[in-house]
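S.K.: Since the structure of chain A is provided, determine the placement of chain B on it from the hints.
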Amino acid sequence: MKESTVITVPSSPKYLSVIRAVTASMAETYGMANKAIEDVKLAVDEACSNVIKYAYKGDTGQRIVVKFVLGKGFEVVIEDNGAKAHPESIEGRSLDEVRPGGLGVHFIRRVFDVFAFDEKKKKGNRLRLIRHRRGEDEDRDRGQ
Amino acid sequence: MKIEIADNNGTKVIAVSGDIDMYTSPDLRKELLVLVQKKITPLYVDFRGVSYIDSSGIATFVEGLKGMMTYGGKLKFIGIPAHIMEIFCFAKLDRVFEMYGTLNDACNS
Chain A
1 MKESTVITVP
11 SSPKYLSVIR
21 AVTASMAETY
31 GMANKAIEDV
41 KLAVDEACSN
51 VIKYAYKGDT
61 GQRIVVKFVL
71 GKGFEVVIED
81 NGAKAHPESI
91 EGRSLDEVRP
101 GGLGVHFIRR
111 VFDVFAFDEK
121 KKKGNRLRLI
131 RHRRGEDEDR
141 DRGQ
Chain B
1 MKIEIADNNG
11 TKVIAVSGDI
21 DMYTSPDLRK
31 ELLVLVQKKI
41 TPLYVDFRGV
51 SYIDSSGIAT
61 FVEGLKGMMT
71 YGGKLKFIGI
81 PAHIMEIFCF
91 AKLDRVFEMY
101 GTLNDACNS
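Residue numbers (the working numbering), protein chains in the order written: chain A, 1 to 144; chain B, 1 to 109.
Just to be clear, a hint being listed does not mean it is correct.
Computed list of chain B residues with no C-beta within reach of chain A, every gap over 10 Å [stated by the list, open to error]: (1) I14; (2) Y23; (3) L35; (4) K38; (5) R48.
Here are the simulated DSSO-like cross-link-like pairs (lysine-lysine), alpha carbons at most 30 Å apart as the crow flies [stated by the list, open to error]: (6) A:K53 with B:K92; (7) B:K12 with B:K74; (8) B:K30 with B:K92; (9) B:K12 with B:K30; (10) A:K35 with B:K92; (11) B:K30 with A:K53; (12) A:K57 with B:K12; (13) A:K57 with B:K66; (14) B:K2 with A:K35; (15) A:K14 with B:K92; (16) A:K14 with B:K2; (17) A:K57 with B:K30; (18) B:K66 with A:K14; (19) B:K92 with A:K121; (20) A:K84 with B:K38; (21) B:K2 with B:K66; (22) B:K12 with B:K92; (23) B:K92 with B:K2; (24) B:K2 with A:K53; (25) A:K72 with A:K35; (26) B:K66 with A:K53; (27) A:K57 with B:K2.
No wet-lab data here; the hints were simulated from the structure. This one's a predicted model, so the numbers in the text were calculated from it and none came from an experiment. Using N, Cα and C, we set each Cβ at its ideal position, and we do this for glycine too.
Same shape as in the complex, but just chain A (with noise of 0.2 Å):
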């Protein structure tokens, strides 16, 4: 059975705190390992500070809404009614060019099997992560 918990938070930085001590939260409740938390964690962080930055362009009179849904992956869901994103054009910097910025993507990425964006929506965004259970979440169910 699948089960989910939504939170809605300001679009501001300041509440990116918030939306980490969530993330590791859900992410301790889904069974993950510490060094998975972590991971987690940076990943949805970085996820919302493109909401701030580049959807809502540094408003922080908006909403992010992120919806966790644990099932067979652990999948979060990230929507906001700002500028739509090109996904296309999301690529991070090389990791050999040492350049400020550039790395948020790259720390989605590792973490998260899926990272698309639903283009059914038609207002704003709503970006789709999901992380596929694996062999390190296994052995913590088992109580490592």
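M.R.: Here is chain B on its own, set in the frame of chain A:
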């Protein structure tokens, strides 16, 4: 996040604690760039109290380092916790920043 800046025989140690994220990194950037503008070198950053860092925090240090390189300055990191070191390594920045276990190690390098 808290930032404390201490003198160390003419150089500076920036001790950061708490979470460095999109909300807090602008404060860190401001403090760091003031020291960079003064061309202080070496500049030590004590990570022992840092619990979290995201890409905006990393970008702040990359910007600081780039600024210091213009005058031959050295930016040295101290006591990076394992889970934060892993992020620097993933981003291949462990090859870019100088990292040490203790302030003594950094001073003697």
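S.K.: Next, verify each hint and record whether it holds.
M.R.: Status of each hint after checking the structure:
no., hint, result
1, I14, "holds, 18 Å"
2, Y23, "violated, 4 Å"
3, L35, "holds, 17 Å"
4, K38, "holds, 21 Å"
5, R48, "holds, 17 Å"
6, A:K53 with B:K92, "holds, 25 Å"
7, B:K12 with B:K74, "holds, 11 Å"
8, B:K30 with B:K92, "holds, 25 Å"
9, B:K12 with B:K30, "holds, 15 Å"
10, A:K35 with B:K92, "holds, 18 Å"
11, B:K30 with A:K53, "holds, 19 Å"
12, A:K57 with B:K12, "violated, 35 Å"
13, A:K57 with B:K66, "holds, 26 Å"
14, B:K2 with A:K35, "holds, 25 Å"
15, A:K14 with B:K92, "holds, 28 Å"
16, A:K14 with B:K2, "holds, 15 Å"
17, A:K57 with B:K30, "holds, 21 Å"
18, B:K66 with A:K14, "holds, 28 Å"
19, B:K92 with A:K121, "violated, 36 Å"
20, A:K84 with B:K38, "violated, 42 Å"
21, B:K2 with B:K66, "holds, 23 Å"
22, B:K12 with B:K92, "holds, 26 Å"
23, B:K92 with B:K2, "holds, 26 Å"
24, B:K2 with A:K53, "holds, 24 Å"
25, A:K72 with A:K35, "holds, 20 Å"
26, B:K66 with A:K53, "holds, 23 Å"
27, A:K57 with B:K2, "holds, 27 Å"
Violation of the numbered hints given earlier is confined to hints 2, 12, 19, 20; the remaining hints are satisfied by the structure.
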